[in-house]
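Protein chains: 2
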Amino acid sequence: MPSYTAPTKDMQFVLHDVLNITAAGIPGYDELEADFTSAILEEAGKISAGVLQPLNVVGDTEGCVLENGVVRTPTGFKDAFEKVKEGGWNGLDMPEEFGGQNMPQVMGTAVGEMFSAANQAFTMYQGLTHGAASAILAHGTDAQKATYLPNMVSLDWTGTMNLTEPHCGTDLGMMRTKAEPQGDGSYAITGQKIFISAGEHDMADNIIHLVLAKIPGGPDGIKGVSLFIVPKFLVNEDGSLGARNGVACGKIEEKMGIHGNSTCVMNYDAATGWLLGEEHKGMRAMFTMMNEARLGVGMQGLAQAEVAYQNALDYAKDRLQGRDVTGVKNPDGPADPLIVHPDIRRSLMDQKSFAEGARAFLLWGATMIDAAHRAKDADADGLVSLLTPVIKGFLTDEGYDMTVRAQQVYGGHGYIEEWGMSQYTRDARIAMIYEGANGVQALDLVGRKLAQDGGKHVMAFFDLVKGFIKENAGDEEFDAQYLEPLKAASKDLQAAGMYFMQNGMKNPNNALAGSYDFMHLFGHVCLGLMWAKMGLAAKRSLADGTGDATFYETKLMTGRYYMARRLPATAMHLARIQSGAEPVMGLEAANF
Amino acid sequence: MPSYTAPTKDMQFVLHDVLNITAAGIPGYDELEADFTSAILEEAGKISAGVLQPLNVVGDTEGCVLENGVVRTPTGFKDAFEKVKEGGWNGLDMPEEFGGQNMPQVMGTAVGEMFSAANQAFTMYQGLTHGAASAILAHGTDAQKATYLPNMVSLDWTGTMNLTEPHCGTDLGMMRTKAEPQGDGSYAITGQKIFISAGEHDMADNIIHLVLAKIPGGPDGIKGVSLFIVPKFLVNEDGSLGARNGVACGKIEEKMGIHGNSTCVMNYDAATGWLLGEEHKGMRAMFTMMNEARLGVGMQGLAQAEVAYQNALDYAKDRLQGRDVTGVKNPDGPADPLIVHPDIRRSLMDQKSFAEGARAFLLWGATMIDAAHRAKDADADGLVSLLTPVIKGFLTDEGYDMTVRAQQVYGGHGYIEEWGMSQYTRDARIAMIYEGANGVQALDLVGRKLAQDGGKHVMAFFDLVKGFIKENAGDEEFDAQYLEPLKAASKDLQAAGMYFMQNGMKNPNNALAGSYDFMHLFGHVCLGLMWAKMGLAAKRSLADGTGDATFYETKLMTGRYYMARRLPATAMHLARIQSGAEPVMGLEAANF
Numbered sequence: 001m002p003s004y005t006a007p008t009k010d011m012q013f014v015l016h017d018v019l020n021i022t023a024a025g026i027p028g029y030d031e032l033e034a035d036f037t038s039a040i041l042e043e044a045g046k047i048s049a050g051v052l053q054p055l056n057v058v059g060d061t062e063g064c065v066l067e068n069g070v071v072r073t074p075t076g077f078k079d080a081f082e083k084v085k086e087g088g089w090n091g092l093d094m095p096e097e098f099g100g101q102n103m104p105q106v107m108g109t110a111v112g113e114m115f116s117a118a119n120q121a122f123t124m125y126q127g128l129t130h131g132a133a134s135a136i137l138a139h140g141t142d143a144q145k146a147t148y149l150p151n152m153v154s155l156d157w158t159g160t161m162n163l164t165e166p167h168c169g170t171d172l173g174m175m176r177t178k179a180e181p182q183g184d185g186s187y188a189i190t191g192q193k194i195f196i197s198a199g200e201h202d203m204a205d206n207i208i209h210l211v212l213a214k215i216p217g218g219p220d221g222i223k224g225v226s227l228f229i230v231p232k233f234l235v236n237e238d239g240s241l242g243a244r245n246g247v248a249c250g251k252i253e254e255k256m257g258i259h260g261n262s263t264c265v266m267n268y269d270a271a272t273g274w275l276l277g278e279e280h281k282g283m284r285a286m287f288t289m290m291n292e293a294r295l296g297v298g299m300q301g302l303a304q305a306e307v308a309y310q311n312a313l314d315y316a317k318d319r320l321q322g323r324d325v326t327g328v329k330n331p332d333g334p335a336d337p338l339i340v341h342p343d344i345r346r347s348l349m350d351q352k353s354f355a356e357g358a359r360a361f362l363l364w365g366a367t368m369i370d371a372a373h374r375a376k377d378a379d380a381d382g383l384v385s386l387l388t389p390v391i392k393g394f395l396t397d398e399g400y401d402m403t404v405r406a407q408q409v410y411g412g413h414g415y416i417e418e419w420g421m422s423q424y425t426r427d428a429r430i431a432m433i434y435e436g437a438n439g440v441q442a443l444d445l446v447g448r449k450l451a452q453d454g455g456k457h458v459m460a461f462f463d464l465v466k467g468f469i470k471e472n473a474g475d476e477e478f479d480a481q482y483l484e485p486l487k488a489a490s491k492d493l494q495a496a497g498m499y500f501m502q503n504g505m506k507n508p509n510n511a512l513a514g515s516y517d518f519m520h521l522f523g524h525v526c527l528g529l530m531w532a533k534m535g536l537a538a539k540r541s542l543a544d545g546t547g548d549a550t551f552y553e554t555k556l557m558t559g560r561y562y563m564a565r566r567l568p569a570t571a572m573h574l575a576r577i578q579s580g581a582e583p584v585m586g587l588e589a590a591n592f
Numbered sequence: 001m002p003s004y005t006a007p008t009k010d011m012q013f014v015l016h017d018v019l020n021i022t023a024a025g026i027p028g029y030d031e032l033e034a035d036f037t038s039a040i041l042e043e044a045g046k047i048s049a050g051v052l053q054p055l056n057v058v059g060d061t062e063g064c065v066l067e068n069g070v071v072r073t074p075t076g077f078k079d080a081f082e083k084v085k086e087g088g089w090n091g092l093d094m095p096e097e098f099g100g101q102n103m104p105q106v107m108g109t110a111v112g113e114m115f116s117a118a119n120q121a122f123t124m125y126q127g128l129t130h131g132a133a134s135a136i137l138a139h140g141t142d143a144q145k146a147t148y149l150p151n152m153v154s155l156d157w158t159g160t161m162n163l164t165e166p167h168c169g170t171d172l173g174m175m176r177t178k179a180e181p182q183g184d185g186s187y188a189i190t191g192q193k194i195f196i197s198a199g200e201h202d203m204a205d206n207i208i209h210l211v212l213a214k215i216p217g218g219p220d221g222i223k224g225v226s227l228f229i230v231p232k233f234l235v236n237e238d239g240s241l242g243a244r245n246g247v248a249c250g251k252i253e254e255k256m257g258i259h260g261n262s263t264c265v266m267n268y269d270a271a272t273g274w275l276l277g278e279e280h281k282g283m284r285a286m287f288t289m290m291n292e293a294r295l296g297v298g299m300q301g302l303a304q305a306e307v308a309y310q311n312a313l314d315y316a317k318d319r320l321q322g323r324d325v326t327g328v329k330n331p332d333g334p335a336d337p338l339i340v341h342p343d344i345r346r347s348l349m350d351q352k353s354f355a356e357g358a359r360a361f362l363l364w365g366a367t368m369i370d371a372a373h374r375a376k377d378a379d380a381d382g383l384v385s386l387l388t389p390v391i392k393g394f395l396t397d398e399g400y401d402m403t404v405r406a407q408q409v410y411g412g413h414g415y416i417e418e419w420g421m422s423q424y425t426r427d428a429r430i431a432m433i434y435e436g437a438n439g440v441q442a443l444d445l446v447g448r449k450l451a452q453d454g455g456k457h458v459m460a461f462f463d464l465v466k467g468f469i470k471e472n473a474g475d476e477e478f479d480a481q482y483l484e485p486l487k488a489a490s491k492d493l494q495a496a497g498m499y500f501m502q503n504g505m506k507n508p509n510n511a512l513a514g515s516y517d518f519m520h521l522f523g524h525v526c527l528g529l530m531w532a533k534m535g536l537a538a539k540r541s542l543a544d545g546t547g548d549a550t551f552y553e554t555k556l557m558t559g560r561y562y563m564a565r566r567l568p569a570t571a572m573h574l575a576r577i578q579s580g581a582e583p584v585m586g587l588e589a590a591n592f
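Protein sequences appear in the order of chains A and B. Mapping of the first sequence onto UniProt numbering: position 293 corresponds to residue 293, and the numbering continues sequentially without gaps. Mapping of the second sequence onto UniProt numbering: position 298 corresponds to residue 298, and the numbering continues sequentially without gaps.
Bear in mind the hints are in silico, worked out from the structure with no lab data behind them. All values derive from a computational prediction rather than experimental measurement. Fair warning: there could be bad hints in the mix.
Identical copies look the same in the list; a pair holds intra-copy or inter-copy alike.
With a straight-line Cα cutoff of 27 Å, these simulated BS3-like cross-link-like pairs (lysine-lysine) come out [as the list claims (entries may be wrong)]: (1) Lys223 <-> Lys281; (2) Lys376 <-> Lys466; (3) Lys456 <-> Lys83; (4) Lys9 <-> Lys329; (5) Lys317 <-> Lys329; (6) Lys281 <-> Lys9; (7) Lys466 <-> Lys491; (8) Lys506 <-> Lys456; (9) Lys491 <-> Lys83; (10) Lys145 <-> Lys491.
This is chain A alone, in the form it adopts within the complex:
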């Protein structure tokens, strides 16, 4: 049976030693002293490890069951949900006026990683509620906020996002769900939505569906899409629950993983809904929350990698198999532990260096979202918009690969469900797909974000890397181990961008054919930058003689691994990109 320990020390290191959040000048950050964040993270770690994690395998094994229109969640989910409610975890970064604690998103992200690592399928019920509440917060009228937010912040009611239909997922302009005005300010919503996570379940009194639909007579395609609030139970004037609305779960999908979450086909049959935001501006309303939502999915990639790594590490230390070729390490045992073997070590170091680098990247991303929201910092907003597809695409691709590596450490036992490692792989797989499949992230990055605001944000990123290297150069060892690899990787990224500029104009496919490689190249440079920052922080602390020297030395070793063993991928991605569109597009579709 797998276990999970919340990486609070690592999180504290990133928050305080690396990001130095209390000095960041972002409103609300001054309160985030180390003792305070430590207390929150310890509490979150306790509920993650003690309450959510033990239900992870249960959720996978039992799944959700639809009977007579009611969805039964796995044994124990309802009690655990009550505990999450009692702890007020969903309101951590929500406004106080709606019952939240108004903390910055960087804290919500750190806590979210723990919850997701402990039980991704379970945490999605809360995560979707948080997302839907954020959309109402950003676009709702005062009355809508007053009606829905307190109940959603408290988790008495949960929320969903309804975008996909059977014939369209990415291309939502083809949507068929319609919303007909009923003359009283409400609309009658009719259509079928699929892949609706947490669409129906038995853990909340009401479910608030946010539904994209077209108002007849509006513009064609994506410009005619509006967003609606469609509660499962209508809400009376006094806030009590009224009649059941015309929305029902038609089916629960059988999926590869996240069995504990009910993925529903939702049928809307003249269900009463209310416009959220403006008519025909539904996509814009949905996209307001996109950076946050996609960061949340990238976080899931990290979370599954982290928990899978922890278990692979335990197994590698426990399982005796073979002998260290450089000399027996466990002479009293029948064999040495797996961890003595260099190829097992390679796999563990891949996982460890990814998880720690990804955590820094995510938390840095969250600070930029906070800066954008709380300090109206347009530069931070631009930079995090640029990096969002990288966070989502790179961290979920790599996160998945790391769960596969962790599973591999278990040998044959990794393939047997009883050991729990297969679940991490199966659960992690979804994050590469939902909230915009990773190919769409790459398209967003190269097709939209790179050139946004005249390329200002990508230039800012390059300046940031260059500035960091310049400021911190001078220590021969650190230069060689950290700054030079980062500089080389960053040059590859610039060369790739240059290739797109020079060749994308004459044929956009020269850029698009390299988009996926560019997303990964960018991801490696970001993790390289994070490791350089973490290495620097560790070096400083060692020089100061403060804190746990072994912890900092371990950081330096882990970072060196990333620099030496993972960053060389950038040159490969660049070579692929520079081969241009022709090898990719040369073959006629008919001749495949």
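Following the hints, position chain B against chain A.
For chain B alone, kept in the frame of chain A given last:
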């Protein structure tokens, strides 16, 4: 529901245009004229697509059930097994004296790819029987051969391989199963074996278990392991079935995939067994069949990639989503098919260029095994021994990754079991683990095979590549697109080998820490060589004006993709390798 079409034309191209098998001078190959091989492949394709493939999802959904000691296979498996028996498919490459058709292994490999692609879990019942029969053929007494082989070749009886125990998989020296002589030439086998594929089922009259066990008083560790034949039902003198033996299935494992195959815990309780081969030489007997068995697993990697690709391609042509940025391709429809998008094309080309390259690599490997067995060609034997871990490790890693890519093409539908793409990923995952986990393959390659016979075989490989490039240079376009990338990749491989030689002596971890990267580097060079050979064959046919020009042009395009987009991975692997042991091993195990 997924579909499968056997790639007979591609196989014929490799067998005849590329490998030119009838001129290979290997006994039995002279009969393999194009018409003859085509007839076999067409028949195998029919049973694969028509009988085995429709049962693939059934097997996944129903799985195997153990009740009162009896294992029930999924609906339809028994009938399909009868059809495979009737067709004589298991005896294709078995000797005529035992009821086989005595064809070379290259034909068994081509047919095996089809069967595995159509239904991997089902085909394993036959594959393990084939493997066990091969071991009896190589090491059995005449009496053992006469007793077991005709029934195993015909599939009236099936076979299994019993190596793993709960506490040891790779490190079989720790084995506890014991074999006590009973004074009559037989042994009493007692112990527990796990992960026994096809260990118990309802499709055959008898099951012949090959079991590794230790005879008390023998040498310690791996040198004290012997191999035994342990039939489920004892066989009477007259060949009829006698008493039930003391072997029983204790449990069927719940696995990530290959649900249609019964993976059993097998309990041996003083079961009667007979020594196969010599006392204490069990590992050697097992290893005789290793090249063949590992090639068979590599083949599974290709097979799952091929069938997943075929379905991803169909979906990419059918599913309408978004518009081609360079101009609308389907003006009468609501959107263009997915295949117009460069990133979808990248994914499909990755899959296609892998599958076709892997097929050539596998069939080439099979010709070397044939040359070794049929022509006693020691050089071929040495080269295929060197390449076996590459075939197994690289093709299953890449094969798995390709199923993940194929699944991704389906977007959200790829995650829903109903669409069948998740099964390819889940089924393909096992091939990276069994028959020696891929990390063990890398260790075998770098720790044993590279230096075997004084490094003679790896030198032969380099000479082969060099010779090929030299012989075929001169066409400017072909040189630039094919030979130069191959040369560069091959140089990276040589540099990696050189690094190991120069640094592995002072610290073997300098080699072992790079073993996994070396295996992948080697795999890319092999596929590069295969593509250069296929490109050359296509170019010749185009120049001759014979055959289907579009087919050959497509081959050239696909090969160019591999060269331009996949081969650049070699430089990355080299860089990782050259960073040596220190980044991998520097961190103390206790500090992870």
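Evaluation of the provided hints:
1. Within a single copy, Lys223 and Lys281 get their C-alpha atoms as close as 7 Å, which meets the 27 Å cut-off; across copies the closest is 74 Å, which misses it.
2. Taking the shortest Cα distances, Lys376 and Lys466 sit within 27 Å of each other inside one copy (25 Å), while across copies they are farther apart (62 Å).
3. Taking the shortest alpha-carbon separations for Lys456 and Lys83, neither the intra-copy value of 45 Å nor the inter-copy value of 66 Å comes in at or below 27 Å.
4. Neither within a single protomer nor between protomers do Lys9 and Lys329 lie at most 27 Å apart by alpha-carbon distance, with minima of 29 Å and 54 Å respectively.
5. In this assembly of identical chains, the alpha carbons of Lys317 and Lys329 lie at most 27 Å apart only when taken from the same copy (12 Å versus 56 Å across copies).
6. For the homomeric pair Lys281 and Lys9, neither the shortest alpha-carbon distance inside one copy (43 Å) nor that between copies (52 Å) is at most 27 Å.
7. For a Cα distance limit of 27 Å, the shortest separation of Lys466 from Lys491 inside one copy, 10 Å, qualifies, whereas the shortest one across copies, 33 Å, does not.
8. Only within a single protomer do Lys506 and Lys456 lie at most 27 Å apart by alpha-carbon distance; the minimum there is 22 Å, versus 51 Å between protomers.
9. For a Cα distance limit of 27 Å, the shortest separation of Lys491 from Lys83 qualifies neither inside one copy, at 49 Å, nor across copies, at 60 Å.
10. For the identical chains of this complex, Lys145 and Lys491 are neighbours neither inside a copy (48 Å) nor across copies (65 Å), given an alpha-carbon limit of 27 Å.
Consistency with the previously given hints fails for numbers 3, 4, 6, 9, 10, ordered from lowest to highest.
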